[in-house]
Amino acid sequence: FGSSRKGCPSSGVPTASPSASRLSLVYTRHLARGESPQALLAAMSSTETANKMKIALLKYPKRAAMQAQLKKIPPRQVKVQINNETKMIHSQQTVLEAAHAHFDAKIPYNCRAGICGACEAKWNGKNIRTCYTPVQDGMRIVTLDREMMHWRQGTADE
1 FGSSRKGCPS SGVPTASPSA SRLSLVYTRH LARGESPQAL LAAMSSTETA
51 NKMKIALLKY PKRAAMQAQL KKIPPRQVKV QINNETKMIH SQQTVLEAAH
101 AHFDAKIPYN CRAGICGACE AKWNGKNIRT CYTPVQDGMR IVTLDREMMH
151 WRQGTADE
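The numbering of the sequence shown is the UniProt record's numbering, which starts it at 1 and goes up by one.
Hints may be right or wrong, so weigh each one.
Claimed, not checked - Here are the simulated distance ranges between beta carbons:
#1 G125 x P74: 37 to 43 Å
#2 H90 x R33: 44 to 50 Å
#3 K106 x A68: 22 to 28 Å
#4 Q77 x T49: 22 to 28 Å
#5 R33 x Q77: 51 to 57 Å
#6 A50 x K79: 38 to 44 Å
Note that these hints are calculated values from the structure, not bench results.
Here a beta-carbon is modelled for each residue, glycine too, at the ideal position from N, C-alpha and C.
Make a model of the complete structure from these sequences and hints.
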């Protein structure tokens with residue numbers, strides 16, 4: 001878990017890790033054979049390599065799409081609860097951004113594009129990807145670490 005913040009600190013531009021470089025080479029070879037990126041992704045199994053490839057290929061366009069969606073949300077204050085802490089916060093942010101900026105909830109993340117699932121939490125009993133879910137008025141979020149803590153307490157009492 002945790003964040004993956006690799007890159008050039010002075011420029012803010014991410015640098016490729018060795019595994020990302022290998023994935024890029026594989027991707028380039030498939031494109032040279034005339035295969036589309038979609039065909040390459042569809043042919044892959046859900047292995048760690050495939051997930052890394054999905055993140056490498058899709059994170060920047062999906063992040064840009066989320067930022068565009070957030071800008072369309074009318075700016076206002078919304079009431080959000082994360083793990084029994086309630087605050088009024090700005091509406092143009094994701095649940096992950098709000099949790100890290102305004103609450104004492106450090107939700108783990110990786111891709112910040114709704115792909116990997118590292119940032120999942122519960123909203124109305126359903127799992128959501130907090131990095132790809134805009135905050136909404138009246139939201140009640142339970143992070144999975146909080147849910148696990150309650151589960152462990154329940155099993156320890158038996």
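Hint check:
Taken as a hint, the range 37 to 43 Å is violated for the pair G125 and P74, whose Cβ atoms sit roughly 27 Å apart. Roughly 47 Å separates the CB atoms of H90 and R33, a value that falls within the hinted 44 to 50 Å. For the pair K106 and A68, the beta carbons lie near 27 Å from each other, so the given range of 22 to 28 Å is met. Checking the proposed 22 to 28 Å range against Q77 and T49 shows it is violated: the Cβ atoms sit about 43 Å from each other.
At roughly 53 Å, the beta-carbon separation of R33 and Q77 lies within the given 51 to 57 Å, and the hint holds. A50 and K79 have their C-beta atoms about 39 Å apart, which keeps the hinted 38 to 44 Å range intact.
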